[in-house]
Each structure stands twice: as structure tokens, then as C-alpha cells.
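Protein chains: 2
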Amino acid sequence: MKPVVGTLAIIGFGLIGSSIARAVRSSGAARRIVACDGSAAARQTIRRLKLADRIVSNPVEAVTGADMVVICTPVSAYARIARTIGRHLKRGAILTDAGSVKRAAIDHLAPHVPAHAHLVPAHPIAGTENSGPESGFAELFKGRWWIVTPPPGTSKAAVATVESLWRRLGSRVTRMTPQHHDRVLAITSHVPHLIAYTIVNTASDLESTLQTEVFRYSASGFRDFTRVAASSPIMWRDIFLANKDAVLEMLGRLYEDIALMQKAIRHDEGATLQRLFTKARRIRRGVVAQKQD
Amino acid sequence: MKPVVGTLAIIGFGLIGSSIARAVRSSGAARRIVACDGSAAARQTIRRLKLADRIVSNPVEAVTGADMVVICTPVSAYARIARTIGRHLKRGAILTDAGSVKRAAIDHLAPHVPAHAHLVPAHPIAGTENSGPESGFAELFKGRWWIVTPPPGTSKAAVATVESLWRRLGSRVTRMTPQHHDRVLAITSHVPHLIAYTIVNTASDLESTLQTEVFRYSASGFRDFTRVAASSPIMWRDIFLANKDAVLEMLGRLYEDIALMQKAIRHDEGATLQRLFTKARRIRRGVVAQKQD
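Chains as they are written, first to last, in the numbering used here: chain A, 108 to 400; chain B, 108 to 400.
Hints are supplied without guarantee of correctness; some may be wrong.
In silico lysine to any residue, SDA-like type, Cα no more than 20 angstroms apart, as pairs [what the hints assert, rightly or not]: (1) A:K370 / B:I341; (2) A:K157 / A:E241; (3) A:K386 / B:T319; (4) B:K370 / A:R360; (5) A:K386 / B:T235; (6) A:K351 / B:E376; (7) A:K249 / A:M108; (8) B:K197 / B:V220.
Taking beta-carbon pairs under 8 angstroms as the criterion, some of the chain B residues facing chain A (in silico) [stated by the list, open to error]: (9) A336; (10) P340; (11) F347; (12) D375; (13) R388; (14) G393.
Far from chain A, some chain B residues (derived; all Cβ distances over 12 angstroms) [what the hints assert, rightly or not]: (15) Q151; (16) T152; (17) I162; (18) V163; (19) R187; (20) T191; (21) R198; (22) A217; (23) P258; (24) T261; (25) T268.
Derived from the structure by calculation, the hints contain no laboratory data. Yeah, the Cβ is synthetic: ideal placement off N, Cα and C, and Gly gets one too.
This is chain A alone, in the form it adopts within the complex:
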């Protein structure tokens, strides 16, 4: 199959960036991959694993001559990167990203994208708890959703190119407004991660005998939470700060529902508990039916 883009520059070469590189390679979706990462250790790994045709530390070098640029760094680095690369984007170049919050992504990127280039923000709903270029794999996006959130007036051709690229990696593609994206992700991803982080810390604050036991007996449900809580602390710090409103709203809703459960336990309301648990189980079946597990 013909490549979708000529030169693809990937800025930030962690789990997502390196998985994109691997998937693009194995599907022949780009003619050439330029990897950019600020960490010397990461660049060495990229070199060792031969994940790119060219490896640079400077984003300006990365984007010069690139047909498409994908930013795969934590969101807090977006503004700095956009300010640095903006005027070096070539005519017709497409700037996209893989960040977990889309309103903030646009706020940080849009002001620095010149009129002759195109901003097409996007977010792949895929990941693992691992970080770094060695943790990526080509199949990460297979069958997963890639949400594209183009601002009004974005070039249709540019959006189509981005969508073709992600489809080539085996993803399903959908469009949303950035606002809607941020609410959906607040409840499906951000609040669950917040709770997972919290519950792991609550357990670790127990008396020290209990603490060892928490690790030892984690096969009882706890380990699923620790798995989620193993994700990159910096990436998650950025997500919560950048999606504050939606996260606080969803957390408020969750609080109300926990209070209901708590009250049912306190008052021995077995029927209420059973009803709530049965409802949750039905929803699990919905997730399985959507083949996202």
C-alpha cells in the first residue's frame, strides 16, 4: 500500500510515540520517520531498537521538512514545543497530537500554528501502564478508537489525512468536539485513574504490618488498581490540571454514588446493594460487547 504521508516527525517518544513509530513502520504508512526526544537515554533506546530513520533532540530539526508532526509528550510541554516549532512548519504541514485532553491541547497549540499549516488534534484511546520508548508495540492501536477533534474551519483534506493514517494503523476513527471529548474522558479515564492512585495511597498509609499484606494479598482486586496507578505521574499531573472542570464535575457525581453505597452498607440494605451490583455487571457486558476488552 502507498504511504499516507511522506515524512512523519514524532515529538516525544514514550509509550505512545514509539508505538506510533512501530505501527507506522510495520504498515508502511509513512515514507520516513523522524524521532525527537529530549532524553539522551530515550534517544539511545530509539537508536538501539532502530525505531526511526533519523533521531534528533531539537524539535525544530524534527519538524523542518516534515509533512506531518505528531506531538506525543505530556500536555505541559505543548505550549513550549508549539512556540518553538510553529514558524518552522512547512507549507501544508499537518500538526497533530495524542494528548488525553483536547481543549487544553488546542489552547496551547493553536496560537502558534501558522496559517499555512493545519492543526488536527487527536487522541488514541489506547495505552498500557508502561512508559518509555521500549514499552511501545505496533499493535497498541489495533481495534482501538482514535478520537479526532478538529476546531471549526479545519481543512477537510488535513483531517482526512490524519484519519487515514490512524486507520492504517488498525484504529477506528471518530470525531468529537474538544469539550465533549474532555467530558467523556473525565469519566472513562481521568476519574478512574484518580481513584486508582488514591486507593493505592490509602492502602500504603495503613500501619506497616497491614501494608506488607496489602502487597501480598493484592490478587483480591487491589492489583488491578495498582496497575492503573503505575502510569506516568507527570502525564497524569498534566491531565488533571488540564481537565480540571470535567474531572471535578464527574468526581462530584461519583461522590454522591459512593455515599449511596455507603449508606446501604451501614443500614444493611442488601437488596439495594444487590440491585446496584447487578446494574454494574450489565454495564460490563456492554463493554465486552463493544470489544474494547
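Position chain B relative to chain A; hints supplied.
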């Protein structure tokens, strides 16, 4: 290897009961397995899968002549079963169980165990979100912990027999007081399940557009919660009612920690968030080091 027990009766043949049967079979830990389940459909599955030497619906028939009896039903059935089988336990028989709460288990079972038999309550820290006799597998207990909580004065020989049996299935065995067990499980298992159930329901109460999307984009963290929330509603209802005090205590601690996170987000305290997330990540490493993942 020599069998650890002669006739083993398993009452309640779901995920745990049927996994015990499979593991006992494949390790030759008992000479004979008697399966007891109140559901005709379950009995048919047991027959089809040839999981036991004898299959009965009446617990009295199951325990008559049994050297060891393992109760693997939800905790709410314990008192009724114990009342029914108590005086039919043979001289020297051992009654054990696999329930997730141990104080309540002892409260329900102990009064009905005759002086000529031995009560050795226990709990395997292993499971999946699936239920029913077809969901079990022989390897479920391999490398997992089996917590034994014998009341003071329990026959040392009876405890040793129970421990040998579970070791034969590949488990590691440890002892605890029932009180301590219930606190450890409250934080490692019961509260995580409570939160998982709740968050799944919170998501399902959103406006209906959002709801479909919650399923669709569940690969973002949500699906791990739905997996936990897929467990048996009746079993979990019983657990929360039977371990109310410890669950409410641990939930109170969790609330305080969620409030800290919430405040850090509201006030844009990135450093606090990063510190809390980094701490949680370290704990994940502890779980991995304990080989429970």
C-alpha cells in the same frame, strides 16, 4: 503423591468450588470428590465436565462420610448450611470454607459444628470476575495465598491437614486472626470492588450519548473497573454486609485521600499531584515484586 484427604465434599460449585475440584483432581489431593450444588443447571455442568465422583443437591448427602467439607457458597448461605449439615459431620471431619469474610464465617458456622469435628476457616486470595462451575480452572490457586484463620484451640492436626491440602494445589499458606483478615481484605479487595461498582454505575447514569461512549472508549482505564465490577452481585452483597465495620472504616480513610486529590486539582497544585502519583507508582512496584500480578 499420596492424597491429603479421603473424601472431599465441596458445597457450592461456582468459580472457587469448581476450581478446587479441578486442582484437587489434577494434583491427586483427595481420593474422592463429592460435589453439592442447589442449582440443577450447575449440577448438569458438573456432570458434563466430569468434575466430581458424585454429584448431589442435598448438603446432608454430601457431608455424610466426608473427611473434609469445603463450603464455597456466598456467606449468606453459611448459617443455613451449617445448621443442616452440623450433626451429619463424621467423627474427626474437618469443615473449612473459602469465604471472603472470616469473622462472619465463624459466627455462622461455629455454633453448628459438633465437638467431634473441626472448624478451620480459610480464604484463598484468588479469583476472576467470572462465576459458575464452567468458569473454574485448576491453576487458579497456583502461587496465590490461602489465608487460614483457625479460632483459638483448634486442633493443630486439622489445621495442618487443611494447610497441606491447599499447598498441594500450589498455594502459599499463611495464618491470621479473623479480625485481621477482615481488615486486610477490606482495603485490598472490598473497598476496591465497592468503588469499581460505583464508578461503573456513575458512568451509566450519564446522559445517554455519553453512556454509549463510555462503553466505546473504555480502553482508557474504565474497562479495568468494569472487569472488577463483573463479579457476582450476591457474593458481593454478602461480603459488604458481613464486613461492614472494616469496609466503612477503610472507606472513610479513602474519602479523606480523595478529598486531598480533589483539593490539589481545584487549586492547580501540580507538585502535590505528582508527588501522590509517584508514591502510588512505587507501591505498584511492590505488588509486582510480590509476584501477585
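A quick look at each hint next to the structure:
no., hint, result
1, A:K370 / B:I341, "holds (18 angstroms)"
2, A:K157 / A:E241, "holds (11 angstroms)"
3, A:K386 / B:T319, "holds (15 angstroms)"
4, B:K370 / A:R360, "holds (16 angstroms)"
5, A:K386 / B:T235, "holds (19 angstroms)"
6, A:K351 / B:E376, "holds (11 angstroms)"
7, A:K249 / A:M108, "holds (18 angstroms)"
8, B:K197 / B:V220, "holds (11 angstroms)"
9, A336, "holds (4 angstroms)"
10, P340, "holds (4 angstroms)"
11, F347, "holds (5 angstroms)"
12, D375, "holds (6 angstroms)"
13, R388, "holds (5 angstroms)"
14, G393, "holds (4 angstroms)"
15, Q151, "holds (23 angstroms)"
16, T152, "holds (20 angstroms)"
17, I162, "holds (28 angstroms)"
18, V163, "holds (28 angstroms)"
19, R187, "holds (15 angstroms)"
20, T191, "holds (22 angstroms)"
21, R198, "holds (35 angstroms)"
22, A217, "holds (21 angstroms)"
23, P258, "holds (20 angstroms)"
24, T261, "holds (22 angstroms)"
25, T268, "holds (23 angstroms)"
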